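Q: Each chain is listed here by its residues.
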Amino acid sequence: MTEETSEQLSFAVDLDAPPEKVWRALTIPAFRERWLGHDAANRPAQVIASEPPHRLSWSWREAGEDEGIVTFTLTPTESGGTTLELVHARTLPIAVPPAANGNIVMMLAA
Amino acid sequence: MSETDVFRALADPTRRAVFERLAAGPRNATALRDGLDISQPAMSQHLKVLREAGLVVEAREGRSVNYSVDPEGLRPLRGWLARYSAFWPARLDNLQDLLKEMDQ
Chain A
41 MTEETSEQLS FAVDLDAPPE KVWRALTIPA FRERWLGHDA ANRPAQVIAS EPPHRLSWSW
101 REAGEDEGIV TFTLTPTESG GTTLELVHAR TLPIAVPPAA NGNIVMMLAA
Chain B
6 MSETDVFRAL ADPTRRAVFE RLAAGPRNAT ALRDGLDISQ PAMSQHLKVL REAGLVVEAR
66 EGRSVNYSVD PEGLRPLRGW LARYSAFWPA RLDNLQDLLK EMDQ
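So the protein sequences, as listed, match chains A and B.
Just so you know, the first sequence maps onto residues 41 to 150 in the working numbering.
Just so you know, the second sequence maps onto residues 6 to 109 in the working numbering.
Take the hints with a grain of salt, since some may be wrong.
What the hints assert, rightly or not - Quick partial rundown of chain A residues pointing at chain B, CB under 8 angstroms, derived from the structure:
1. 47
2. 49
3. 51
4. 53
5. 56
6. 59
7. 62
8. 74
9. 75
10. 87
11. 101
12. 112
13. 126
14. 128
15. 130
To be verified - Computed beta-carbon distance windows for the label pairs:
16. 115(A) / 43(B): 45 to 53 angstroms
17. 19(B) / 51(A): 30 to 38 angstroms
18. 54(A) / 76(B): 39 to 47 angstroms
19. 53(B) / 53(A): 21 to 29 angstroms
20. 63(B) / 99(A): 30 to 38 angstroms
21. 65(B) / 123(A): 37 to 45 angstroms
22. 52(A) / 13(B): 30 to 38 angstroms
23. 82(A) / 9(B): 13 to 21 angstroms
24. 69(A) / 66(B): 53 to 61 angstroms
25. 67(A) / 98(B): 17 to 25 angstroms
26. 106(B) / 91(A): 21 to 29 angstroms
27. 63(B) / 105(A): 24 to 32 angstroms
28. 29(B) / 56(A): 51 to 59 angstroms
29. 91(A) / 45(B): 45 to 53 angstroms
To be verified - Some chain A residues near chain B, calculated using beta-carbon distances under 10 angstroms:
30. 66
31. 76
32. 88
33. 95
34. 102
35. 108
36. 124
Source of the hints: derived by calculation from the structure; they are not laboratory data.
What you are looking at is a predicted structure, and each value in this text was computed from that prediction instead of being measured.
Glycine included, C-beta positions come from ideal geometry on N, C-alpha and C.
Make the full structure from the sequences, and use the hints.
A: Okay, here's the thing in C-alpha cells:
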C-alpha cells in the first residue's frame, strides 16, 4: 500500500483580468518569459495537464533537477476577473505500512 | 547534504521501507532485513546511500552496528520550501503587472 506524501506550497491571487487572458499570459512563451523572468523561463519543463482556461500543470526543473509540479487553477470571479491558485508540490511517495504492524507512518510536514 | 540527495535516496521503494523501519527505532542490519526479501550486500548498499544522504547514522557497539534515523536528515527539504516561498509571490506580482500591459 502506497500513499503519496508531498511538500507543497499554495498561493492564491485575485487578478483583474478574465481567465482567457490569464491563460494566455501563462501559456504563450513570450508572455510567460516576461512575468516568470528570463532566468526562470526554461524551468517549466513539460506540460502535464492543460484544460484551457481552467487548469494548467507544468513539471518544473531547475539546473537539470526535478523540482516538482506546478499547477495553476483559474476560477472566474463575479466581477469579470480571475482567482488564480498556484500549487507547487514536490512529491515523495512514502510506503504506508499495514496498520496492524504498528509502524510509524512518517509525515514530511515542515 | 542537498535536498536532491534526500529525494533521490528516498525515491527507491526498498530504501523508503528501510528508512521507515528505522523511523520506528534503531536496528542492526540483520534485524532490518527481517521480513524483507533483500540480500545482505544489497542492504549494505541501501544503508550506504541513506547514510550518504544524511538520513541515517550508524553507531558501533562492539561487533554490532546499529542504524538509526538522523533527525536532521530531512532538513534540506526546507530549503526548497524557503526558495519557492519567496519565488512565487514575486512572480505573481509580475504577472499582475503584465496583465495590465497586455491587450484584451
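Q: Decide, hint by hint, whether the structure agrees.
A: Tested hints:
1. Hint on residue 47(A) holds. Least Cβ distance to chain B is approximately 6 angstroms, under the 8 angstroms limit.
2. The restraint placing residue 49(A) at the interface with chain B holds, with a minimum CB-CB distance near 5 angstroms, inside the 8 angstroms limit.
3. Given the 8 angstroms rule on beta carbons, the hint for residue 51(A) holds: about 5 angstroms separates it from the nearest Cβ of chain B.
4. Of the supplied interface hints, the one on residue 53(A) holds, with its beta-carbon coming within about 5 angstroms of a beta-carbon of chain B, less than 8 angstroms.
5. For the restraint placing residue 56(A) at the interface with chain B, the shortest Cβ-Cβ distance is roughly 7 angstroms, inside the 8 angstroms limit, so the hint holds.
6. With its C-beta approaching chain B no nearer than about 11 angstroms, residue 59(A) sits outside the 8 angstroms limit, and its interface hint is violated.
7. Here the hint on residue 62(A) is kept, as its CB sits about 7 angstroms from the closest CB of chain B, short of 8 angstroms.
8. For residue 74(A), the interface hint holds, since its Cβ comes within 8 angstroms of a Cβ in chain B; the closest pair sits about 5 angstroms apart.
9. For residue 75(A), the interface hint holds, since its Cβ comes within 8 angstroms of a Cβ in chain B; the closest pair sits about 4 angstroms apart.
10. Using the Cβ-Cβ criterion of 8 angstroms, the hint placing residue 87(A) at the interface with chain B is not satisfied: the shortest such distance is roughly 18 angstroms.
11. Taken as an interface hint, residue 101(A) does not check out: its beta carbon lies about 11 angstroms from the nearest beta carbon of chain B, beyond 8 angstroms.
12. At a threshold of 8 angstroms, the smallest CB-CB gap from residue 112(A) to chain B is about 10 angstroms, leaving the interface hint violated.
13. At its closest, the beta carbon of residue 126(A) sits 6 angstroms from a beta carbon of chain B; the interface hint therefore holds under the 8 angstroms criterion.
14. Evaluation of the residue 128(A) hint against chain B yields a held restraint, the C-beta minimum of about 5 angstroms falling below 8 angstroms.
15. For residue 130(A), the interface hint holds, since its Cβ comes within 8 angstroms of a Cβ in chain B; the closest pair sits about 6 angstroms apart.
16. A beta carbon spacing of about 48 angstroms between residue 115(A) and residue 43(B) agrees with the range 45 to 53 angstroms that was offered as a hint.
17. A hinted range of 30 to 38 angstroms for the beta carbons of residue 19(B) and residue 51(A) is consistent with their spacing of about 36 angstroms.
18. The given range of 39 to 47 angstroms is respected by residue 54(A) and residue 76(B), whose C-beta atoms sit roughly 41 angstroms from each other.
19. In this structure, residue 53(B) and residue 53(A) break the distance hint of 21 to 29 angstroms, their C-beta atoms being roughly 45 angstroms apart.
20. Checked against the given bound of 30 to 38 angstroms, the beta carbons of residue 63(B) and residue 99(A), roughly 36 angstroms apart, stay inside it.
21. Separated by about 57 angstroms at the C-beta atoms, residue 65(B) and residue 123(A) break the suggested range of 37 to 45 angstroms.
22. The hinted window of 30 to 38 angstroms between residue 52(A) and residue 13(B) holds, with their beta carbons roughly 32 angstroms apart.
23. For the pair residue 82(A) and residue 9(B), the beta carbons lie near 18 angstroms from each other, so the given range of 13 to 21 angstroms is met.
24. A C-beta distance of roughly 59 angstroms is found between residue 69(A) and residue 66(B), which places it inside the suggested range of 53 to 61 angstroms.
25. A hinted range of 17 to 25 angstroms holds for the C-beta pair residue 67(A) and residue 98(B), which are about 19 angstroms apart.
26. Between residue 106(B) and residue 91(A), the C-beta spacing of about 26 angstroms keeps the proposed range 21 to 29 angstroms intact.
27. Restraint check, residue 63(B) to residue 105(A): a C-beta distance of roughly 28 angstroms satisfies the suggested window 24 to 32 angstroms.
28. Checked against the hint of 51 to 59 angstroms, the pair residue 29(B) and residue 56(A) passes, with Cβ atoms roughly 52 angstroms apart.
29. Between residue 91(A) and residue 45(B) the C-beta distance comes to about 50 angstroms, which sits within the given range of 45 to 53 angstroms.
30. Interface hint at residue 66(A): satisfied, since its Cβ lies 8 angstroms from the closest Cβ of chain B, which is below the 10 angstroms cut-off.
31. Given the 10 angstroms rule on beta carbons, the hint for residue 76(A) holds: about 6 angstroms separates it from the nearest Cβ of chain B.
32. The beta carbon of residue 88(A) is not positioned within 10 angstroms of any beta carbon in chain B (closest approach about 18 angstroms), and the interface hint is therefore violated.
33. Interface restraint check: residue 95(A) against chain B, minimum CB-CB distance 16 angstroms, threshold 10 angstroms, status violated.
34. Proximity of residue 102(A) to chain B holds as hinted, the smallest CB-CB distance being about 9 angstroms (cut-off 10 angstroms).
35. Here the hint on residue 108(A) is kept, as its CB sits about 8 angstroms from the closest CB of chain B, short of 10 angstroms.
36. Hint on residue 124(A) holds. Least Cβ distance to chain B is approximately 7 angstroms, under the 10 angstroms limit.
Figure legend: structure checked against the earlier numbered hints; hints not met, in rising order: 6, 10, 11, 12, 19, 21, 32 and 33.
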